[in-house]
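S.K.: Given only the sequences and the hints, what does the whole structure look like? Please build it.
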Amino acid sequence: MGTYILENEEALKKVLENMLRKGMVEGVMVQTAGESGVFTSIITDPDFISKTAPLAPLFSNNNAVFLQNNGTRNIAVVVKPCEARAINELKKLNQINTDKLVVICADCQGTINPRDGLITEPLTEAKKKELEKDSIPIRKACTVCEHFTPPEVDISIMAIGTTGGYILATDREELLDGLELKAGEIPSGRNAEVEKIRKENLEKKEKMVEELDKKLGSPDTLVEFFKDCIRCDNCRDMCPICYCKQCYFETPLGDLRTDEMLHQAATKGILRIPPDILFYQLTRNIHVAAGCVECGACEEVCPRDIPLLDVWKSITGNVQGLFEYVSGMKRDEPLPLVGFKESELEEVK
Amino acid sequence: MEDEGGAKESWEPKIIGFFCNWCSYAGADLAGTSRIQYPTTIRIIKVMCSGRVNPQFVLKAFQEGADGVLVSGCHPGDCHYIEGNYHARRKLTLMEDLLEFTGVDPSRFQMSWVSASEGQKFAEVVTEFTERIKKLGPQTKLSGGEG
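First to last, the protein sequences are chains A and B.
Counting from 1, one number per residue, gives the positions in the first sequence under our numbering.
Counting from 1, one number per residue, gives the positions in the second sequence under our numbering.
Possibly wrong hints are sitting among the right ones.
What the hints assert, rightly or not - Heads up, simulated BS3-like pairs for lysine-lysine below, C-alpha to C-alpha not over 27 Å straight-line:
| hint | chain 1 | residue 1 | chain 2 | residue 2 |
| --- | --- | --- | --- | --- |
| 1 | A | 133 | A | 205 |
| 2 | A | 268 | A | 92 |
| 3 | A | 199 | A | 349 |
| 4 | A | 349 | B | 14 |
| 5 | A | 268 | B | 46 |
| 6 | A | 341 | B | 121 |
| 7 | A | 91 | B | 91 |
| 8 | A | 14 | A | 127 |
Simulated from the structure, these hints should not be mistaken for laboratory data.
M.R.: So this is what it looks like as structure tokens:
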């Protein structure tokens with residue numbers, strides 16, 4: 001693995017520009033600071049690279065959603081660790097061809113929803129304090145994030161532990177052809193610092209799950225929890241892992257017309273509209289829990305502000321814990337619900 | 001809605017069983033042809049393999065008013081489709097977590113292995129499960145009209 005020094009964000013842009021100019025990729029998916037704000041874009045003209053803000057700490061949705069079923073053309077993508085994990089998970093689910101992607105992922109020190117503030121420079125501890133003063137919140141999903149360093153990707157950019165600047169690490173050195181980068185080393189204090197942040201976030205996460213468990217401890221609270229759901233399907237559509245081409249809830253069984261609704265109502269005398277909100281959410285839980293990357297996109301797009309992330313944190317932790325699996329960290333690893341061991345779970349008699 | 005207090009004496013649990021075609025359903029058949037007595041609380045739905053049982057089936061059963069759900073398939077290693085029951089075991093173990101989360105007592109859900117020759121075991125499993133559900137009483141968490 002080659003490790004190189006990048007002095008600043010500009011040096012990273014040079015890497016992107018070089019890939020485009022040399023024709024290694026046909027496009028780069030990266031955040032761009034345009035006139036209408038900061039947005040994710042696909043750039044094919046290398047001259048536009050100067051307008052990009054690859055490390056802007058913004059997250060409005062998980063961009064892995066838009067990379068599903070990618071075709072035969074090469075593209076480089078600059079993503080956050082949760083997006084990179086979603087890409088890896090989708091690769092295992094045969095929904096993404098990672099051979100056609102150059103995934104570039106940097107340490108993430110928290111993100112902000114663009115509706116709360118447009119910040120283009122990467123977050124640092126000092127910058128975070130400033131945001132706190134301006135009461136611009138860091139996204140909830142980020143404050144309880146355990147996996148904020150790059151998983152298995154093509155190019156990882158490390159910021160934590162360095163004294164200014166970044167360390168670029170890659171196994172695919174051909175992607176850096178034509179660039180004169182100084183060789184560097186992964187800072188020795190990095191691991192300790194990563195662990196420190198992870199511990200802090202983990203504590204917050206545990207508190208969050210504990211509070212949720214307390215809330216859900218009494219009867220019928222789950223119905224209450226989801227009571228505002230209007231089945232808009234935003235959480236489903238913006239979830240990178242919820243990938244089915246045909247969703248159960250778009251089949252006649254799951255998308256009820258009045259005749260079926262009357263039939264269902266008749267068995268109990270009453271049917272809530274929209275029907276099956278609990279069934280909808282629980283079905284999503286069953287389908288996604290083993291692969292959830294806890295990016296919080298579902299909560300971000302929920303028009304009724306249901307704290308969906310709390311539920312996912314609780315369920316994902318339990319399910320992935322049971323199979324000792326962390327979703328999306330590697331590209332080649334058996335999925336927990338596809339594989340099995342002959343001798344396991346022997347409590348079933 | 002029945003008055004729960006008044007109906008207690010005569011209340012009989014409703015149990016939905018998802019049984020695989022090759023082992024457990026044949027086991028239940030054997031119990032019948034051998035005149036082995038077992039509770040009438042169970043309504044069996046035949047599936048080709050326990051691996052066919054979608055966790056959604058279990059949720060839906062509870063939502064429609066089941067008091068307990070029993071999934072039964074071939075013993076590990078004996079699956080007609082080689083590995084369907086192993087998949088079922090992994091998939092449905094998750095159910096316990098999910099049920100706990102929904103507030104339904106996870107012991108209202110059970111998985112068991114019953115082979116085609118185990119008519120007696122089938123009767124025992126159903127009897128034990130019925131006793132357990134009787135102690136727990138009616139399931140109301142998911143069967144209300146509001147979810």
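S.K.: If a hint holds in the structure, say so; if it doesn't, say that too.
M.R.: Here's how the hints hold up against the structure:
About 24 Å separates the Cα atoms of residue 133 of chain A and residue 205 of chain A, which keeps this hinted pair within 27 Å; it holds. Straight-line distance between C-alpha atoms of residue 268 of chain A and residue 92 of chain A comes to about 42 Å, which puts the hinted pair past the 27 Å bound. With a CA separation close to 39 Å, the supplied pair residue 199 of chain A and residue 349 of chain A exceeds the 27 Å bound. Of the supplied pair hints, the one linking residue 349 of chain A and residue 14 of chain B holds, its CA atoms being roughly 22 Å apart against a limit of 27 Å.
For the given pair, residue 268 of chain A sits about 26 Å from residue 46 of chain B by alpha-carbon distance, which is consistent with the 27 Å threshold. For the hint pairing residue 341 of chain A with residue 121 of chain B, the CA-to-CA distance comes to about 25 Å; that is within 27 Å, so the pair holds. Restraint check: the Cα-Cα separation between residue 91 of chain A and residue 91 of chain B comes to about 21 Å, which is no more than 27 Å; the hinted pair holds. A distance of roughly 25 Å separates the Cα atoms of residue 14 of chain A and residue 127 of chain A; the hinted pair therefore holds under the 27 Å criterion.
Comparing the model with each numbered hint stated earlier shows that hints 2 and 3 do not hold.
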